[in-house]
Amino acid sequence: MFETAIQTFTSPVVLFFVLGLFAAYVRSDLAIPEPIAKAMSLYLMAAIGLKGGVAVAKSGIDGTVIAALAAGIVAGFVLPLFAYVVLKSFGKLDRINSGAVAAHYGSISVVTFVTAGEILTGQGREPGGFMVAVMAAMEAPAILSGLMLARGAGSKSGTQSTGEMLHEVFTNSSIVLLLGAFAIGMLGGAQGFAEVSPFFEAGFKGVLCIFLLDMGLIAARRMMDSRAVTWRLGVIAIFLPIVNGAAGTALGIGIGLDAGSAAALGVLCASASYIAVPAAMRLALPEADPGIYLTMSLSITFPFNVLINIGLISAFAAMLTGAGGATP
Amino acid sequence: MIETVIRKRIEILADKALQKRVTDAIDRAGITGWTIVPVTSGRGREGHWREESVMGTDKVFVLTIAAEDKAMALAEELAPMLTDLGFILSMWDVQVIRGERFD
Numbered sequence: 001m002f003e004t005a006i007q008t009f010t011s012p013v014v015l016f017f018v019l020g021l022f023a024a025y026v027r028s029d030l031a032i033p034e035p036i037a038k039a040m041s042l043y044l045m046a047a048i049g050l051k052g053g054v055a056v057a058k059s060g061i062d063g064t065v066i067a068a069l070a071a072g073i074v075a076g077f078v079l080p081l082f083a084y085v086v087l088k089s090f091g092k093l094d095r096i097n098s099g100a101v102a103a104h105y106g107s108i109s110v111v112t113f114v115t116a117g118e119i120l121t122g123q124g125r126e127p128g129g130f131m132v133a134v135m136a137a138m139e140a141p142a143i144l145s146g147l148m149l150a151r152g153a154g155s156k157s158g159t160q161s162t163g164e165m166l167h168e169v170f171t172n173s174s175i176v177l178l179l180g181a182f183a184i185g186m187l188g189g190a191q192g193f194a195e196v197s198p199f200f201e202a203g204f205k206g207v208l209c210i211f212l213l214d215m216g217l218i219a220a221r222r223m224m225d226s227r228a229v230t231w232r233l234g235v236i237a238i239f240l241p242i243v244n245g246a247a248g249t250a251l252g253i254g255i256g257l258d259a260g261s262a263a264a265l266g267v268l269c270a271s272a273s274y275i276a277v278p279a280a281m282r283l284a285l286p287e288a289d290p291g292i293y294l295t296m297s298l299s300i301t302f303p304f305n306v307l308i309n310i311g312l313i314s315a316f317a318a319m320l321t322g323a324g325g326a327t328p
Numbered sequence: 001m002i003e004t005v006i007r008k009r010i011e012i013l014a015d016k017a018l019q020k021r022v023t024d025a026i027d028r029a030g031i032t033g034w035t036i037v038p039v040t041s042g043r044g045r046e047g048h049w050r051e052e053s054v055m056g057t058d059k060v061f062v063l064t065i066a067a068e069d070k071a072m073a074l075a076e077e078l079a080p081m082l083t084d085l086g087f088i089l090s091m092w093d094v095q096v097i098r099g100e101r102f103d
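Sequence lines, in order, name chains A and B. Note that the first sequence covers residues 1 to 328 in this note's numbering. Note that the second sequence covers residues 1 to 103 in this note's numbering.
Treat the hints as calculated values from the structure; they're not laboratory data. Keep in mind it's a predicted model, so treat the numbers as computed, not measured. Hints should not be assumed to be uniformly reliable.
Heads up, simulated DSBU-like pairs for lysine-lysine below, C-alpha to C-alpha not over 35 Å straight-line [said to hold, decoys possible]:
| # | chain 1 | residue 1 | chain 2 | residue 2 |
| --- | --- | --- | --- | --- |
| 1 | B | Lys16 | A | Lys38 |
| 2 | B | Lys16 | A | Lys92 |
| 3 | A | Lys38 | A | Lys58 |
| 4 | A | Lys205 | A | Lys58 |
| 5 | A | Lys58 | B | Lys16 |
| 6 | B | Lys20 | A | Lys58 |
| 7 | A | Lys88 | B | Lys16 |
| 8 | A | Lys38 | B | Lys20 |
| 9 | A | Lys88 | A | Lys38 |
| 10 | A | Lys88 | B | Lys20 |
| 11 | A | Lys205 | A | Lys38 |
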């Protein structure tokens, strides 16, 4: 466990994130220009989608891949229900905001997943390439679940038809890019990827470092400006990733995934979206307060996952496999 | 001396993700043109906000110029959104050249 923690805190990716947090807390004027931050997020999503597609083209689609996809989709629908109950009861949030926050906690964070991939690979537990497909499959179900929970209250966004809402959810830029790049990777295979790999591989870790620097800055500044997040919501933003992460990892081991892939499923369940879901919520549920859902997912859950929870999940996966579960 | 006429200049601060709802309302009010201007940061009742294009929380100003009756029709249509979605609308008299373009 101690060794895992050391590996996490000596990863340049994590250290750049810590630098971003530090710079914001000391009120440095360090800033990444917005168009560059946006371009980096598109680059990362295209790269991760491509790599996942190529990995699946190499390994093929077998029973394990299908089981992982099914587990991810079911988790995407179910996790918001659990989050919603906790947010309404312990968090004392109203129905619309509970539904919006629940959608974030059922969906996934691409950057948390990518960071976990780097850390797990460094520990010799590289997740299977098909986990990228699982990640993409988990983005949308939680949005639908969260919206259904929130709209049960008779949300005023009834001016928007269900068709329009579904169109916005499924044509969300990150979903289109992730799935599109995944399909391109599958069609092109290793040979096709070789032509573009200098761009998508050589720069990947460097771009991830700078992107996480920006995320650290934004997370800390948002936290310092936050007025809407109560201590109860702060507790939930730590509690949900611990419980969801452990449940996701156990589910992964239960369906026969190797330790790295099971840990990746745990990280996906533990992570909360702060790119795709906020954009979808602003369109489909505009009455919900971004000050609540973004501060919880980006300023509390994301740092907790990157700095602590990925290490815990990795150790938990290793413990479960060492205890007689499936092995790599 | 060049001739000018009085028109209403309307300025709406809205989320970039929701700007189409504003421009659709402008079209429905029969106003022919509008301009989108990006903004970088600000402070309001909900606290400080910044341009965060990755999370899609960036805001824009939607600007338009129209005759008073159309400006009032637009304000009426947008009024519910001001409360529900946190938009800000202001309007004031301006002098324009070629007033027929802003009827």
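Results of checking the hints against the structure:
Taking the CA atoms of Lys16 of chain B and Lys38 of chain A, the gap is about 14 Å. The hint holds against a cut of 35 Å. The hinted pair formed by Lys16 of chain B and Lys92 of chain A meets the criterion: a straight-line CA distance of about 30 Å does not exceed 35 Å. The suggested pairing of Lys38 of chain A with Lys58 of chain A holds, with an alpha-carbon distance near 31 Å, which does not exceed 35 Å. For the hint linking Lys205 of chain A to Lys58 of chain A, the alpha-carbon distance of about 23 Å falls within 35 Å, and the restraint holds.
Among the hinted pairs, Lys58 of chain A with Lys16 of chain B is inconsistent with the structure: their alpha-carbon atoms are about 41 Å apart, more than 35 Å. Distance restraint check for Lys20 of chain B and Lys58 of chain A: the Cα-Cα separation of roughly 43 Å exceeds the 35 Å cut-off, and the hinted pair is therefore not satisfied. Of the supplied pair hints, the one linking Lys88 of chain A and Lys16 of chain B holds, its CA atoms being roughly 29 Å apart against a limit of 35 Å. The straight-line distance between the Cα atoms of Lys38 of chain A and Lys20 of chain B is roughly 21 Å, inside the 35 Å bound, and the hint therefore holds.
A hinted pair counts as satisfied when its Cα atoms are at most 35 Å apart, and Lys88 of chain A with Lys38 of chain A qualifies at roughly 33 Å. Using a Cα cut-off of 35 Å, the hinted pair Lys88 of chain A and Lys20 of chain B holds, with the two alpha carbons roughly 32 Å apart. For the suggested pair Lys205 of chain A and Lys38 of chain A, the alpha carbons sit about 16 Å apart, so the restraint of at most 35 Å is met.
Violated hints, listed in ascending order, are 5, 6; each of the other numbered hints is respected by the structure.
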